[in-house]
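K.L.:
These are the residues of each chain, in order.
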Amino acid sequence: MKPAPFDYIPAASVAEAVAALAELGDGSKVLAGGQSLLPMMNFRLARPDALVDIGGLGELRGVQARERFIEVGALTRHLDLERTGVPGPLGSLLRSAGAQVGHLPIRTRGTFGGSVAHADPASEWCVLAALLDATMTVTSLAGTRTVAAADFFTTIFTTALEPDELLTAVTLPRLDESYRVAVVEFARRAGDFAIVAVMVACSVRNGVIGDARVCLGGVADRPVRSLAAESLLAGQPAGAAAFRAAADAAAAAVSPPADIHGSAGYRRDLVSVLLRRALERMAP
Amino acid sequence: MSRAKRDLILYVNGDRFAVSVEPRKSLADTLREDCHLTGTHLGCEHGVCGACTVLLDGEPVRACLILGVQAAGHSIRTVEGLAGENGTLHPLQQAFWDNHGLQCGFCTPGFLMLAAGLLESADPVTDDKIDDVLSSNLCRCTGYQNITRAVCAAARVMRQ
Numbered sequence: 000m001k002p003a004p005f006d007y008i009p010a011a012s013v014a015e016a017v018a019a020l021a022e023l024g025d026g027s028k029v030l031a032g033g034q035s036l037l038p039m040m041n042f043r044l045a046r047p048d049a050l051v052d053i054g055g056l057g058e059l060r061g062v063q064a065r066e067r068f069i070e071v072g073a074l075t076r077h078l079d080l081e082r083t084g085v086p087g088p089l090g091s092l093l094r095s096a097g098a099q100v101g102h103l104p105i106r107t108r109g110t111f112g113g114s115v116a117h118a119d120p121a122s123e124w125c126v127l128a129a130l131l132d133a134t135m136t137v138t139s140l141a142g143t144r145t146v147a148a149a150d151f152f153t154t155i156f157t158t159a160l161e162p163d164e165l166l167t168a169v170t171l172p173r174l175d176e177s178y179r180v181a182v183v184e185f186a187r188r189a190g191d192f193a194i195v196a197v198m199v200a201c202s203v204r205n206g207v208i209g210d211a212r213v214c215l216g217g218v219a220d221r222p223v224r225s226l227a228a229e230s231l232l233a234g235q236p237a238g239a240a241a242f243r244a245a246a247d248a249a250a251a252a253v254s255p256p257a258d259i260h261g262s263a264g265y266r267r268d269l270v271s272v273l274l275r276r277a278l279e280r281m282a283p
Numbered sequence: 000m001s002r003a004k005r006d007l008i009l010y011v012n013g014d015r016f017a018v019s020v021e022p023r024k025s026l027a028d029t030l031r032e033d034c035h036l037t038g039t040h041l042g043c044e045h046g047v048c049g050a051c052t053v054l055l056d057g058e059p060v061r062a063c064l065i066l067g068v069q070a071a072g073h074s075i076r077t078v079e080g081l082a083g084e085n086g087t088l089h090p091l092q093q094a095f096w097d098n099h100g101l102q103c104g105f106c107t108p109g110f111l112m113l114a115a116g117l118l119e120s121a122d123p124v125t126d127d128k129i130d131d132v133l134s135s136n137l138c139r140c141t142g143y144q145n146i147t148r149a150v151c152a153a154a155r156v157m158r159q
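From first to last, the protein sequence lines stand for chains A and B.
According to numbering that gives the first Met the number 0, the stretch in the first sequence is residues 0 to 283, in order.
According to numbering that gives the first Met the number 0, the stretch in the second sequence is residues 0 to 159, in order.
In short, the hints are calculated from the structure, not lab data.
None of the values given here were measured: they were computed from a predicted structure.
A virtual CB, placed ideally from N, CA and C, is assigned to each residue, including glycine.
Among the hints, erroneous ones may be present.
With a cut-off of at most 30 Å between alpha-carbon atoms, the simulated DSSO-like pairs for lysine-lysine come out as follows [what the hints assert, rightly or not]:
#1 1(A) x 4(B)
#2 24(B) x 1(A)
#3 24(B) x 4(B)
From the structure, some residues in chain A lie toward chain B, with a derived Cβ separation under 8 Å [claimed, not checked]:
#4 0
#5 1
#6 11
#7 12
#8 14
#9 42
#10 43
#11 52
#12 99
#13 102
#14 103
#15 189
#16 192
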């Protein structure tokens, strides 16, 4: 229950961090908040040769507001987002999702970028990134590139990040005042990763749904948008009939994994129940 | 070699500790073995049980999920830092005593520091909030009722 030995490289700047990653190659890992990496190292499920500690890079912590986007720094803590003053429906979504990440002592340390880079398919931030078509900003010695969320999450615990690349920020679109949002999860114990997580963001004007976004966590090897549900919601009156149809279609369209936490059928039932609940509860 | 021991300074309960630790050593082990503060207990060592909860710069953290080197220069508070110099119990310790909030006592330092982090913060405190925060830690003796009772009682004293 103690980590294997590793080289420890505290980075004093992003440039120093990416230089270290380039030199060390794929035996190295980035240490941000450490709330996923260190448990895996304590179990020796992960045995990196080296840790590049970016925890001291204060410039990567915090939310920058732009006109149509916000940029969330990779080291922004879960608790920062649970308390964020970002206005409008996007702020509601961030606060609600943030409050459901782990427990308080995890939220004080764990980071947004760390969660996204860790790519647990049931992680709130991965589901939110896929829901909003986030853009990831990634830096290496070769320069900076951006990756769309749809291309970023490749499979369980695996992303498009190369071993020498550092995720520095995630850009999220602001949602205008017509949006209604909700985050609904089910787990057996408080603070556990969700067995199934559902996030919705729907633009509703005069009682009719326009843009409809539905993202599911825990039902595949990565967070997945439910195109079946989205297409059934768009253009429909925001009400019980459309919500039920979308929930049933979303459940029919998923092929969830079975594991010790629940069978595939159980997860499919959860999709139906949780999505209907999310649509009924969505609020500005 | 960067996996060799590193010299660092920790500030624990207002005292300065100069220690030399391997980078892989957790903050919890550093506190126990190098600062000789054994009030912080280790249960699961992978962030599930909460027994090792301490305050880092005033916020509750799991000391098994932080490396000692990550805490260098930061201010840490452990259960040894709760009672007054003359042995006067902290309101949380008194409330745990009064409400029978412990039996074997193994999980108690973690619960005390978790609750101290909540009650000493500026966050509004409700019974529901206390329940939610306490869900972070495990206790095999009490069934939790007396722990929540104790923290609610301490909240009334501390938030007067």
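K.L.:
Hints the structure violates: just list their numbers, smallest first.
P.N.:
Of the numbered hints given earlier, those the structure breaks are 6, 7, 8, 10, 12 and 16, listed in rising order.
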